[in-house]
Amino acid sequence: MIVVLTTTAAALLLSALALLVYELRSYRSAWIADLTTQADLIAKSTAAAVAFDDVRAARENLSLLKLRPQITSAAIYTAGGKLFASYVASEADGSALPPAPRPDGHRFDGEALEMFQKIEQNGERVGSVYLAAHYDVSERLLDYLVILVAVTAASLALAAVIFGSLQSSLTGPILALGQAARDVVRRRDYAVRVEKITDDEVGELVDSFNDMVRELGAEIDQRQRAEGALRTADRRKDEFLATLAHELRNPLAPIVTGLEVLKNPAAPPDAQARARERMVRQLKQMVRLIDDLLDVSRITTGKVELRREPLDLVAVVREAIDAVESLVKERGHRLETAWPNGPVRVDGDATRLTQVVVNLLNNAAKYTERGGRISVTVGVEGTQAVVRVADDGIGIDPSMQAEVFELFMQADRSLERERSGLGVGLSLARRFVELHGGTIELESAGIGDGAVFTVRLPLAPVVVEGKPPHAPHGAPPRPRAALAAPSPSPSPSPSPSPSPSPSPSPSPSPSPAAASVAELTGASLDVLIADDNVDLASSIGDVLDAIGHRVRLAHDGLAALEAARREPPDVALLDIGMPGLNGYDLARRLRVDPATRDVVLVAITGWGQETDKRRARDAGFDHHLVKPVDPEALLELLREGVRGARTPAAGA
Amino acid sequence: MQRLIATLLLAALVLGAVAVRAQPLSGGADEVRAAYLYRFLAYVDWPDQAFATPEAPLVIGVVANDAVATELSRVLIGRTAHGRPVAARRLVPGDSLDGVQALYVGDAALLRSAWLQRARERPVLIVADGVASLDAGAALAFVRVDDRLRFDASLRAVERAGLRVSSRLLALAQRVVGAP
Numbered sequence: 255m256i257v258v259l260t261t262t263a264a265a266l267l268l269s270a271l272a273l274l275v276y277e278l279r280s281y282r283s284a285w286i287a288d289l290t291t292q293a294d295l296i297a298k299s300t301a302a303a304v305a306f307d308d309v310r311a312a313r314e315n316l317s318l319l320k321l322r323p324q325i326t327s328a329a330i331y332t333a334g335g336k337l338f339a340s341y342v343a344s345e346a347d348g349s350a351l352p353p354a355p356r357p358d359g360h361r362f363d364g365e366a367l368e369m370f371q372k373i374e375q376n377g378e379r380v381g382s383v384y385l386a387a388h389y390d391v392s393e394r395l396l397d398y399l400v401i402l403v404a405v406t407a408a409s410l411a412l413a414a415v416i417f418g419s420l421q422s423s424l425t426g427p428i429l430a431l432g433q434a435a436r437d438v439v440r441r442r443d444y445a446v447r448v449e450k451i452t453d454d455e456v457g458e459l460v461d462s463f464n465d466m467v468r469e470l471g472a473e474i475d476q477r478q479r480a481e482g483a484l485r486t487a488d489r490r491k492d493e494f495l496a497t498l499a500h501e502l503r504n505p506l507a508p509i510v511t512g513l514e515v516l517k518n519p520a521a522p523p524d525a526q527a528r529a530r531e532r533m534v535r536q537l538k539q540m541v542r543l544i545d546d547l548l549d550v551s552r553i554t555t556g557k558v559e560l561r562r563e564p565l566d567l568v569a570v571v572r573e574a575i576d577a578v579e580s581l582v583k584e585r586g587h588r589l590e591t592a593w594p595n596g597p598v599r600v601d602g603d604a605t606r607l608t609q610v611v612v613n614l615l616n617n618a619a620k621y622t623e624r625g626g627r628i629s630v631t632v633g634v635e636g637t638q639a640v641v642r643v644a645d646d647g648i649g650i651d652p653s654m655q656a657e658v659f660e661l662f663m664q665a666d667r668s669l670e671r672e673r674s675g676l677g678v679g680l681s682l683a684r685r686f687v688e689l690h691g692g693t694i695e696l697e698s699a700g701i702g703d704g705a706v707f708t709v710r711l712p713l714a715p716v717v718v719e720g721k722p723p724h725a726p727h728g729a730p731p732r733p734r735a736a737l738a739a740p741s742p743s744p745s746p747s748p749s750p751s752p753s754p755s756p757s758p759s760p761s762p763s764p765s766p767a768a769a770s771v772a773e774l775t776g777a778s779l780d781v782l783i784a785d786d787n788v789d790l791a792s793s794i795g796d797v798l799d800a801i802g803h804r805v806r807l808a809h810d811g812l813a814a815l816e817a818a819r820r821e822p823p824d825v826a827l828l829d830i831g832m833p834g835l836n837g838y839d840l841a842r843r844l845r846v847d848p849a850t851r852d853v854v855l856v857a858i859t860g861w862g863q864e865t866d867k868r869r870a871r872d873a874g875f876d877h878h879l880v881k882p883v884d885p886e887a888l889l890e891l892l893r894e895g896v897r898g899a900r901t902p903a904a905g906a
Numbered sequence: 247m248q249r250l251i252a253t254l255l256l257a258a259l260v261l262g263a264v265a266v267r268a269q270p271l272s273g274g275a276d277e278v279r280a281a282y283l284y285r286f287l288a289y290v291d292w293p294d295q296a297f298a299t300p301e302a303p304l305v306i307g308v309v310a311n312d313a314v315a316t317e318l319s320r321v322l323i324g325r326t327a328h329g330r331p332v333a334a335r336r337l338v339p340g341d342s343l344d345g346v347q348a349l350y351v352g353d354a355a356l357l358r359s360a361w362l363q364r365a366r367e368r369p370v371l372i373v374a375d376g377v378a379s380l381d382a383g384a385a386l387a388f389v390r391v392d393d394r395l396r397f398d399a400s401l402r403a404v405e406r407a408g409l410r411v412s413s414r415l416l417a418l419a420q421r422v423v424g425a426p
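First to last, the sequence lines map onto chains A and B. Reading the first sequence from the start, the letters are residues 255 to 906 in the numbering used here. Reading the second sequence from the start, the letters are residues 247 to 426 in the numbering used here.
Please keep in mind that the hints were generated in silico from the structure rather than gathered at the bench. Please note that a few of the clues may not be correct.
[Unchecked claim] Calculated from the model, a selection of chain A residues having no Cβ within reach of chain B, i.e. all distances over 10 Å:
no.	residue
1	299
2	305
3	307
4	308
5	378
6	482
7	543
8	638
9	865
[To be verified] Now the in silico label distances, taken between C-beta atoms and shown as ranges:
no.	chain 1	residue 1	chain 2	residue 2	range
10	A	323	B	420	25 to 35 Å
11	B	342	A	283	53 to 63 Å
12	A	288	B	294	47 to 57 Å
C-beta atoms are modelled at their ideal positions from N, C-alpha and C, and glycine is treated no differently.
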């Protein structure tokens with residue numbers, strides 16, 4: 255502002271000075287011209303008077319000059335230089351008359367302008383006229399200065415106004431931009447916006463700045479949210495680890511006490527049976543936990559593959575109910591079910607869908623006070639198959655409802671809580687349902703009001719050769735069963751109760767151990783077990799030995815190879831990670847050796863992922879079992895293996 | 247020789263210029279009369295027929311005053327009026343007035359002579375002495391005022407002669423008679 259005004263003032267001053275000088279010069283020459291004209295007039299009009307020596311007439315002529323107050327004095331001189339006639343405006347100037355004429359021309363004398371001019375008659379000089387005028391340049395100068403000062407001041411004011419308006423449109427937004435940028439840096443406030451006043455380049459600048467800040471704000475917001483999510487996930491993982499340790503530790507105590515009982519030969523048989531049952535139950539609980547964990551890791555790494563097939567959702571729900579029956583009984587709940595008469599066809603993975611319903615039922619049983627009511631309904635709504643699991647349990651606080659499906663989410667985070675859980679069940683359920691293209695919803699009025707979980711799955715297209723699916727809207731669900739569990743007394747039978755495992759065998763199986771023994775009696779197999787974990791190998795060996803198989807043990811790969819070559823077994827159970835020769839290489843060698851080519855090879859690994867299974871298949875294994883080995887599955891497999899091994903042999 | 251003539255001419259000019267200077271009448275009334283006679287010419291307009299040719303000189307006749315005639319001859323050397331050379335001519339009563347544009351009559355009595363009565367109808371500026379000469383037909387008459395030589399004017403005479411006299415000259419006249 256100051257710079258601009260100073261520049262303007264300097265320019266104005268310069269032009270004012272130039273104007274002043276020009277004006278003074280033109281004023282001066284105008285004065286000279288004016289006085290010259292006046293002198294000419296006097297000379298002309300007094301020429302006759304001078305010629306005829308008429309002083310009176312000359313005086314009268316001169317006296318006309320009183321009409322020009324600026325002319326202070328005038329005089330006529332004869333050609334001989336004598337004063338002929340004179341005129342003085344005021345008496346005070348009388349003495350100023352020159353005594354004799356000077357050469358023609360003008361002369362400035364202070365504030366006076368003097369002039370001599372010839373008087374001509376008939377082309378010859380008859381005398382001189384003298385004029386003296388008050389050259390009032392100072393007054394003129396003063397007037398002029400006043401005008402210039404006024405004009406300059408007005409111009410400066412105008413310049414200030416113009417610059418002010420320019421500033422508001424040009425520098426104003428730029429200053430605002432600078433301030434906003436400082437605000438952003440200092441306060442980290444990304445909501446700062448600069449108001450756009452004009453549509454010119456400055457306006458564009460403002461727009462760009464605003465866009466930049468918005469972008470920056472969004473990015474930082476996103477980062478903070480991501481960090482927050484990471485922190486939350488981290489915290490949940492910590493909580494999960496604590497819970498996991500707790501959950502894994504819990505079953506160990508009953509197992510240890512059960513072992514104590516079994517070690518004592520004097521223990522009563524029924525106490526031993528109870529101990530075994532307790533140990534089996536606890537072990538299954540642990541296995542289920544670990545299976546869940548494996549599923550979680552598979553889902554989070556995207557390695558889950560659904561084996562979809564047309565299936566009846568009612569059968570799936572029935573399977574699930576079988577799986578949780580013991581828990582429901584134990585807690586004294588009443589289970590109400592309702593589903594249509596016909597099948598509800600969906601296209602899905604029976605194992606996974608069963609797992610979903612089991613998880614929901616487990617939750618319902620766990621989070622409902624003893625003796626509560628749980629209902630399961632299956633129905634069809636539009637093009638969707640619907641499974642509803644409702645309870646009158648503790649319910650879920652509305653603020654938590656959105657989060658219960660999150661991984662590792664626990665409604666009650668305290669370690670002292672009475673209900674245990676890893677916070678993976680609902681998360682798994684949701685993931686599996688979504689993998690099927692369905693949805694899962696939770697409704698709960700709040701704490702103490704129970705909860706309803708609704709799973710919706712797309713109905714399978716009508717199967718041409720199969721029975722048509724039951725009319726979706728026609729028959730209302732009919733209550734079919736009400737399982738009541740008056741007393742949760744454990745069964746005296748050593749056989750496990752219906753399995754709560756997430757991978758229940760889809761075939762209805764009788765008590766596995768009894769069945770295996772029954773089926774395999776008299777069909778003794780030669781089994782080679784190779785595992786560097788001596789305990790594991792011998793424990794499996796004991797089980798197989800007990801039911802009549804011949805068992806050999808090896809504790810490294812080379813020993814196993816030698817044993818197999820020396821006497822080819824019917825079945826070889828091979829650990830993968832072994833010293834000397836690993837399981838894959840061992841399998842390959844056995845496969846290339848004609849003597850051992852037909853041995854049924856079973857891989858026993860700690861890795862249950864699809865890639866592991868494929869690798870095992872590629873190496874030549876017939877089957878793949880994940881540690882800890884489920885004896886039931888192993889026996890089933892041996893049964894199958896024997897069939898598979900013997901069928902080609904029989905055919906050969 | 248030419249140089250000598252030029253020097254003489256210059257001297258004559260200077261002397262003439264000195265003589266033209268207005269002076270108190272007491273010093274030499276005839277010199278003043280001669281000077282005034284020449285100066286009147288500038289304020290008087292003659293009709294074209296007053297001159298024989300466009301280049302013809304303007305002639306001032308002098309009758310009955312040799313002193314004036316002599317002085318006038320001196321004054322007129324090298325001078326012009328209305329772009330014409332001017333000359334003085336000594337006349338005696340009865341002389342032809344052809345080619346004469348101004349006439350100074352030294353003896354006012356002559357004005358009433360038949361010779362001059364005839365001249366009244368011609369474009370001749372007649373100048374004489376004394377107030378009464380205006381009545382006798384003079385256009386301008388020298389008068390004595392405060393020991394200075396002044397003049398009166400008769401518009402009637404000017405008109406009759408077919409002349410025109412500048413108002414600037416009339417403004418200096420003591421008296422102007424015959425105003426319309």
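Hint by hint, work out which the structure violates, then give me just those numbers in ascending order.
1, 2, 3, 4, 5 and 12
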